[in-house]
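Taken in order, these protein sequences are the chains called A and B.
Just so we're on the same page, my numbering is the position in the first sequence counted from 1, plus 96.
Just so we're on the same page, my numbering is the position in the second sequence counted from 1, plus 186.
Don't read these hints as lab results, they were simulated from the structure.
For each residue, glycine too, the CB sits at the ideal point set by N, CA and C.
Hints are not guaranteed to be accurate.
[Claimed, not checked] Under the rule of at most 20 Å between Cα atoms (straight-line distance), these lysine to aspartate or glutamate pairs were calculated in the EDC-like manner:
| id | chain 1 | residue 1 | chain 2 | residue 2 |
| --- | --- | --- | --- | --- |
| 1 | B | Lys-273 | A | Asp-294 |
| 2 | A | Lys-143 | A | Glu-267 |
| 3 | B | Lys-273 | A | Glu-314 |
| 4 | A | Lys-295 | B | Asp-277 |
| 5 | A | Lys-215 | A | Asp-425 |
| 6 | B | Lys-268 | A | Asp-482 |
| 7 | B | Lys-273 | A | Glu-309 |
[Unchecked claim] The following residues of chain A were derived to be distant from chain B, with all beta-carbon distances above 12 Å:
| id | residue |
| --- | --- |
| 8 | Leu-146 |
| 9 | Lys-350 |
| 10 | Ser-455 |
[To be verified] Examples of chain B residues lying across from chain A (beta carbon under 8 Å, computed):
| id | residue |
| --- | --- |
| 11 | Ser-230 |
| 12 | Leu-252 |
| 13 | Arg-253 |
| 14 | Val-254 |
| 15 | Val-255 |
| 16 | Gly-257 |
| 17 | Asn-274 |
| 18 | Ala-275 |
| 19 | Val-276 |
| 20 | Thr-281 |
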Amino acid sequence: MLMLEDGSIDSDAIWEGDSLWTSLGDKQQLVKNSKSIMCSPIVFGVKKSLAQELGWIGKDVRMQDILSAAEDKRLRVLMTSASQSNSGASAYFGFLYAFAGNPDVLSSEHLEDPAVGEKVRRILDTLDRTSESSGWMRDHFLARYENYDAMFNYESHVLEMNQKLAASGREPLYIVYPAEGLGVADFPLSFVSKGSGDKAPLFRSLQDYLLSEPVQREFAAKGRRVGPLCDQVDPAIFRPEWGADAAHTLNSFKYPSEPVIRQALALYQTAFRKPSFTVYCLDYSASMKGKGREQLTQAMRTLLDQQQASKYLFQGAPNDVTIVLAFDDQIINANESGAWTVRGNNPEELERLLARIESQPTRNRTDIYRPAAVALSLMKEQGIGDRFPAIILMTDGQSNSGAGIGQLEQARAVTGLDSVPVFGITFGEADPAQLNSIAELTDGRVFDGTKDLVGAFRKAKGNN
Amino acid sequence: MLEDESWSPRAQSNRSAVARPKPSDGSRAAESVSEPRTNGWVFSLMALAFVSLVVLGLCSRPATTLRVVAGSGFSSFEPILKRWGEKNAVDVQVT
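For reference, chain B alone in the conformation it holds in the complex:
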């Protein structure tokens, strides 16, 4: 999600450029006034959803990693290390 280009500053500025009302005659003026207001709500809701997802993602992911170099005979103990990692929100990387 964080890599979604639509949320990059560059994409955001492009989106604004598209939404900007074009110079036009009077019959199109009403449309061009209401459009930015609708887009504002949509953007607010989407931004809120995005922030919520990021917060949820951060909460559910381990806060930190612990890298353990283990001998080749330790592979049967890796589940025990991982289990401790899950309990403590630590991503245990065994190499």
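The following block holds chain A by itself, in its conformation from the complex:
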């Protein structure tokens, strides 16, 4: 959306979750010949035994029912970020409509209604984990099936997950179509016209291919709804015992006007979402000198400068906690962590933190495990509270000093914070294997910042 908005897009086609984002971003009218390739509604997938226990099988389930069950601690729920992911945004707009009493079109007045805000905040507060990727979230749920009970996600992702659960003899998820309706993703493929038009015939050929019968059948086999009315499904995966119901009339809300959408997303980021506790561990070893340090500063500016952050929907919230640890083979700012901590989203305080990041000189060798271990100690000391925790660890080198991953394992055991994910960002000569082992240990992920450090930081931050 942003690349379309500022005209920096250098691709020939866009294939995304919902045509909403193209229409919001396409200020320069670059997008042509957009066609929906398939559909999938956003649903609530919940472990079947729990759905039975809650009396939800074959019944109309309202958003209030889900909120009550989650607040009663009967559900541990996953949902992607509404500001970074289409499925998260669709679920979030579903909450807004449901708690605003299902108006024909959502307005600013609904968003400013304290009763609506309070319920939306409450349902978001019940979430156990978030992410910027609905596919990753599905895979994470599958990998840690005992840790969670339900997720808001695409119907197709729930069905694909159920195939894998069935294959391994585990309990499937039951699909709940909330009575008030959630969004329906239409997955449009669009041509990006940049004047010459010489790729247009190729694009049309690709679009025709994706809409051809054999390929549509392939999409249906992966749990997508296909056909001109998105009402054709593959019965092999669309199983009624999983709650899948192709005949179910999909209640979908009408997205409001652009200003209301933007207001809703800004409110999500600054007022409604569960707050975050983020420790950035930034590599200031000697090899970061020069361009590395410049790019690091630019990346941090997009996240902490509130004006730039608002462009990417990364604004801080009043209860967020942000800490920066500067490291080489030691924690450079170990004795001044208070000065490198910002509680809340005061733009001036965040600006002062940025100034410290910018003026920090580079130094010696690299130890990537120590900062992650110290980050856990700081989290323990300050208290995570009811926040999404994350450690974002950026390095451009191989850890060549210190006691290795053992010190992180020890810190997890000592602090008891064994569910704090570490998101690694590679840059320069970083060793992905070292960061992967940390991500594996902590249920985090690794993002490649070698080509786009700013983008990698944005993806990592999208996880809390």
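Following the hints, position chain B against chain A.
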């Protein structure tokens, strides 16, 4: 192959300089007359082989690229896009 320095104009001119007969006495004159002719055939054959390889390379490589920005949930569809690319000699780059 195209980056092989031996085929750059600069390298070619160096090669000519090496092949050029040196001013010499009569006993070496016969050798120096036949050498360029042999080298000419060799060069012709090598040039022909090179041109054939380039043509073959161009024919087997996709004529054009199509860059597609896809959401993070589309990775399972990348093989379908690539398959269309192979059928149509298009290098589909998914980012």
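Do the hints match the structure? See the list:
Between B/Lys-273 and A/Asp-294 the CA atoms are separated by roughly 19 Å; this keeps the pair inside 20 Å, and the hint holds. Our distance criterion of 20 Å between C-alpha atoms is met by A/Lys-143 and A/Glu-267, whose separation comes to about 7 Å. Note on B/Lys-273 and A/Glu-314: the hinted pairing holds, with a Cα-Cα distance of about 17 Å set against a maximum of 20 Å. For the suggested pair A/Lys-295 and B/Asp-277, the alpha carbons sit about 12 Å apart, so the restraint of at most 20 Å is met.
Annotation: proposed proximity of A/Lys-215 to A/Asp-425 is violated, straight-line Cα distance about 46 Å (limit 20 Å). Between B/Lys-268 and A/Asp-482 the alpha-carbon distance is near 44 Å, which puts this suggested pair outside the 20 Å criterion. Distance check on the hinted pair: B/Lys-273 and A/Glu-309 sit about 17 Å apart at the alpha-carbon level, within 20 Å; holds. The beta carbon of A/Leu-146 sits about 25 Å from the closest Cβ of chain B, which is more than 12 Å, so the claim that it is off the interface holds.
Against the 12 Å criterion, A/Lys-350 stays outside the reach of chain B, whose nearest CB is about 22 Å from its own CB. For A/Ser-455, the condition that its CB be more than 12 Å from all CB atoms of chain B holds, with the nearest at approximately 35 Å. Taking 8 Å as the C-beta contact cut-off toward chain A, the hint placing B/Ser-230 at the interface is violated, the least distance being around 38 Å. Proximity of B/Leu-252 to chain A holds as hinted, the smallest CB-CB distance being about 5 Å (cut-off 8 Å).
Annotation: interface hint on B/Arg-253 holds; nearest CB of chain A at approximately 4 Å, less than 8 Å. Nearest Cβ of chain A to the Cβ of B/Val-254: about 5 Å, under the 8 Å cut. The hint holds. For B/Val-255, the interface hint holds, the least distance from its beta-carbon to any beta-carbon of chain A being 4 Å, beneath 8 Å. Because the smallest distance between the Cβ of B/Gly-257 and any Cβ of chain A comes to about 5 Å, under 8 Å, the interface hint for this residue holds.
Hint on B/Asn-274 holds. Least Cβ distance to chain A is approximately 6 Å, under the 8 Å limit. Annotation: B/Ala-275 was flagged as interfacial toward chain A, and the flag is violated, the nearest CB pair being 10 Å apart, outside 8 Å. Annotation: interface hint on B/Val-276 holds; nearest CB of chain A at approximately 6 Å, less than 8 Å. For B/Thr-281, the shortest C-beta to C-beta distance to chain A is roughly 7 Å, which falls under 8 Å, so the interface hint holds.
Consistency note: the structure conflicts with the earlier hints numbered 5, 6, 11 and 18.
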